[in-house]
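Residue numbers (my numbering), protein chains in the order written: chain A, 1 to 794; chain B, 1001 to 1344; chain C, 2001 to 2222.
Derived by calculation from the structure, the hints in this document are not laboratory data. Bear in mind the structure is a predicted one, so any value in this text is a computation, not a measurement. Cβ coordinates follow ideal geometry from the N, Cα and C atoms, glycine included. Some hints here could point you the wrong way.
Simulated coverage check for chain B against chain A, where a stretch passes if three residues somewhere in it have a Cβ under 8 Å from a Cβ of chain A [said to hold, decoys possible]:
1) 1238–1245
2) 1278–1287
3) 1294–1308
Listed next, the in silico DSSO-like pairs over lysine-lysine satisfying Cα-Cα at most 27 Å (straight line) [what the hints assert, rightly or not]:
4) C:2026 x A:777
5) A:788 x A:777
6) C:2157 x C:2121
7) A:788 x C:2121
8) C:2135 x C:2121
9) C:2177 x C:2026
10) C:2135 x A:788
11) C:2157 x A:422
12) C:2121 x A:422
13) A:422 x C:2177
14) C:2135 x C:2157
15) C:2177 x C:2135
16) C:2157 x C:2177
17) C:2177 x C:2121
18) A:147 x B:1087
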Amino acid sequence: MTNAGLLALLSHWRHNPMQLFTLVVALSLATALWSGVQAVNTEARASYDAAAETLGEGMFAQIIASTGTIPQEDFIALRRAGWLVSPVVEGRLDGIRLIGIDALTSPGGLAPVGLSDGKLTIEMITRGILFATQETLERLGEVDVRKFPSSDVAPAVILTDVGTAQILLGLDGQISRLIVAPQQPIIQPPLEVIAPNFELIPPQSGSDMGRLTDSFHLNLTAFGLLSFIVGIFIVHGAIGLAFEQRRPAIRTLRALGFPLVHLIALIVFELVGISVLAGMIGVGLGYFMAAALLPDVAATISGLYGQSISGTLHFRPEWWVSGLLIAVGGTALAAAASLWRLACMPLLASARPHAWAMQARRSRLIQTVFAMFLLVAASLLGWLGSGLVAGFAMLAALLIGAALALPVILDGLLAAGERHAKSIMEEWFWADTRQQLPGLSLALMALLIAMATNVGVSTMVSSFRLTFTGFLDQRLASEFYVYADDAQQAASLRAYLELRVDKVLPIQSANQDIRGLPSDIYGPVAHATYRDNWLFLDAVPDAWALIEAGQAAAINEQLARRAGIVIGDEITIAGQPFKVVGIYGDYGNPIGQVIITEAKFAALFPDISPLRFGVRIDPSRVTALSLDLGADFGLTEVNMINQAGIKAFSLAVFDRTFTVTGALNILTLAVAGFAILMSLLTLANMRIPQLAPVWAQGITRARLGRLEIVRAVLLALLTTALALPLGLSLAWTLLAVVNVEAFGWRLPMFLFPLDYARLAAFAVAAAAIAALWPATKLARTRPVDLLKVFANER
Amino acid sequence: MNARVFLLLLWPITASAQGFAGLGTDVDGFSSPQRPAQFDFPIDHGPHYDYRIEWWYLTANLEGLDGTPYGLQWTLFRSALTSNVGKGWSSPQLWMGHAAVTTPDAHFVTERLARGGIGQAGVQADPFEAWIDDWQLVGPDFATLTMTASGPDFAYDMVLNSDGPLVFHGDEGYSVKSAEGQASYYYSQPFYAIEGTLILPMGSIDVAGDAWLDREWSSQPLSDNQTGWDWFSLSLEDGKLMGFRLRQTDGSYYTSATWIDPNGTTTSYSNSAFEADPVAVSDVGGRDVPTTWNVRLPDRGVDVEVTAINPQAWMDTSVPYWEGPIIVQGSHTGRGYLEMTGYD
Amino acid sequence: MLLSVSDLHKSYAGPDGHLPVLRGIKMLLARGETLALTGESGSGKSTLLHIIGGLDQPDSGIVAVDGVDIGAMDDAGRAGMRRDKVGVVFQQFNLIPSLTVESNIGFQARLSGRLDQNWIKELADRLGLSAQLGKHPEQLSGGQQQRVAIARTLAAKPALILADEPTGNLDEETADKVMELMMTLAIETDSALLLVTHSHRLAGRMGRRLHLRAGQIERAEE
């Protein structure tokens, strides 16, 4: 009986292969977009998590010695005093960063290697092994230690045991730095008592950019999710249609004594089968998509944030699992309503298939109410909500509310068009378009979300780019930066530079608590460099003049937000009052920052002398200067930053980011275009009875076909127009709500009308292309098929 | 005598990133315990690097001023990755410390790991000192010790004094662990009086009681067909009893026990003389762990019920096990410690 | 002559090769005339009507409406002829579902630029549709829908009215009423009416009758 039932159900697909195709393709594409974005994210994260976890960069507090390296005895002394610290020995071997850690005490363990392989562990500890990616190992010359390729190690890094690193780097008995475990004993003497020369660096200070990276990934994830929603709308439509059309078959089966529960189980089984199939195709597609995108993303992230990630993709089993889960879950979501209706359908209910369109029209009222509810909820969340979850909930409510409201709004617009129609053909065009609306609304909702997502993400990425390049201009205003190792070197460096360059700008800072928040106080030299390049988010006129006068200060956004400081407020630094005259963006910095004039800084912090210098110099002389500094002071590239190089690289990297978002944009629009195509093809058969009377009264098939395309383009245009404000709200939510909740700073939003126009053109083109085939088919309908509509059923 | 360590060193441990994983079950290059056992003190209180594994294992039954019972554990394990000698970081010696405090309704556990050869952990025999990080068990000699340990949510500082002799298990300290003849060197100091302060999240508590220190070393003491271990140390009115039961894959057991008179005189019991059967099982984090036992040594008329003071005394360490204080009732009354492995 | 058909042939591709439907039809029809086409199912009477209405193309022969040969027209030409010269009423699904009754009635008249509001009002009145003008076709009964179709055809004042079993779905009483109205109005507007029917009773009310059998005119009755 089960077999017979299953065959009866499956025969539907044999007669409607297009529906099955739509379902599988939509679900595959949705899964592909989701898993592709996830793959890119996972891969990128895996790469630098491997580094961060092992090296304790950013995640953990660290201890360094002001004298350079830490004697190994001091490490033991710290441990024996109850300080749970783990040694790191690092340096360069053949120019490649070599890091030695102790797997037993490292808070992150030896994640990239894994101690499950006992033999490897024994060898690593007793004889030494160098772990690195294959590419990195190939760059390494002859070493008397076994090389072991591992894709879990961050690129361009060699990981080994601390003992091996000491030998290879000639640092016997020396430790470069200590990682402080996040959990420390209940009783512990203060650090100063055990090791007065050591400095404790709080977590994150080493990786300001990590937060920006997270922001980038969060946004990519949002993109993936939104793309998936687009797909699910289509799947929902396809499943709904299939269910409606199968009502007679289901009624017959039930009348034959097939239990409803059994039947539902069969359908669930069938849907799971289809979704697993589609999920597998989707994960495969996603993999190729990610593989194609990843080199760009890798370059983007390493350039942006100095995090190097591997440019190659490793197929991770978790994608299969998550991809299949999301495909099955998405199908469940899309099928829930249909299954519910089926479960509630009385045995003797009409077997006549209701047109899906009619069904949609009947639920129009409920939909409107629900859409209103969601949109009101979205505004309430934006107004009153706080927290990341509220931000995401707002996004979801906004998008789904807008999608549900779309048919209602479109219907209103079309009705207005109908009222203002001059000729009967115009009147018919508007009325007929209205009639098509229910059948097309799911596809149009998909287009709306796809378009809004693209507008949102383009705005976000472009705003990100503008902000970030502006920020680079501001922070790296000097052509060249030099870092001295100690005060003595700093003094001679300064004297040396002042004879050779246009201006030396010392950079000095002190740690202070401002309104209870840890902050860095900076005292830059008054110079046009700052006045010209420093952008304020909010400031009084002539802010720099007031700061230079000595009684005023500028603070970063983080401090302003956390301490609730606004322009005109007063803050106290080392007992001195300062009026806040400017607030500036300080992206990626986790702590507060204050800028006061150099004279005030020197008066308040007489003990601090600058170690870092910005150098204003003709850019063409930068290379020569860095060579001179290398020769005269033994400074290495670590101590010098060439601003022009960094900026050029970041811009190049941003362009690659655009390639990635551009590719994703086109993909999502293609998915929406596919939805329109499938909806139009489904509607095509229902269209004949609607068009035949018009044709019979003297309109050519060719004209009707053209009107079909015009109709699709019109609907796409209206949808696109509605998507624009929605996309901008989306971008605003991402930049001003989600980002603030997640990272504490707000990215300013810029508008990019040209990008939007281009996207709209894409969307309209997608709709026109989607309508082309159905319209051509319609224009070529044989008269005899049109006449069948009127034929007598005798 | 703490079987868990045997097990953790001999079982394939895949999930543990930092455990003493990957040790082969061969004894190549290491010494094996030989009969008759011969000890040389105080040297034998120190490490025996030619054996693969070794420990200094102290458990204590304590009582606060208000009569609340507490349990305390301080353990230092040594494990050699190879029998080669290596200096500094390349030393094959690894050290692992476990410390715990058990109250009737809470159980505090912490773990430390260290490489040998760099001074972060170790043991020296004379004057006696065993340490890992800031934890230590130290004294002018083995009879007079101070002991400290600390974790994220607890710490303790104790003084120990023993008035009895060392006690040797099995055949004068040669302790057989299976019918196939696997064995270890095993002696104890069960006669410590202990007092000091527990620092717990709820405050400091002054406590006093008695403690039992186990010393054991070997290279391959368990046989392949042994799956877990139940170990008892009981302090009764007329003596002390150490007994263990090794569970075997076929459902049978291998048992061994030592009866210790108050003056330190011992009687060893070989397989089957000692019996222990679970009476009640507790749900410990989703695992079924027997926390009430019927323990018998018919030769001494012992037939008691042993109950955990806190059934949730789970050691959530690299290799997890159950270890906690117990109350003894029945033919004899008293208190003691129970250790169970192989229930995770 | 409004309509002249000579030597008209038409065949359709069938499973067993070409299936001749019309084999040398010849007929004439003048303004103000009424003509019934009768015949069994498959005799070719609907096909003939479709070709005359510019809805289908002949294989050979001449079909001239107002002296212009339909066979020589392209798609657009035939559409123009349908719009301007012909009004067709089918048995069912004549109406455009998305438009109101009022818009449906005015559709062809407006397309052909012959909109006469007073005439439409009068038609609606006489066909008893005045109360239904704001409704959509799906809200009407079958008889009402056919009356709307007739009103639509007459509103455009076509020279030639083609009706293919216009009352086939209606009960006899309603059918008679609708038929009566159509004939009266056709005569009033000086249109020619060509009615395809298998009902001898209806055919009997037409001025002339042609009986088709196997694609040929079997007999003609005055």
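Could you check the structure against the hints above and give me the numbers of any it violates, in ascending order?
1, 2, 3, 4, 7, 9 and 13
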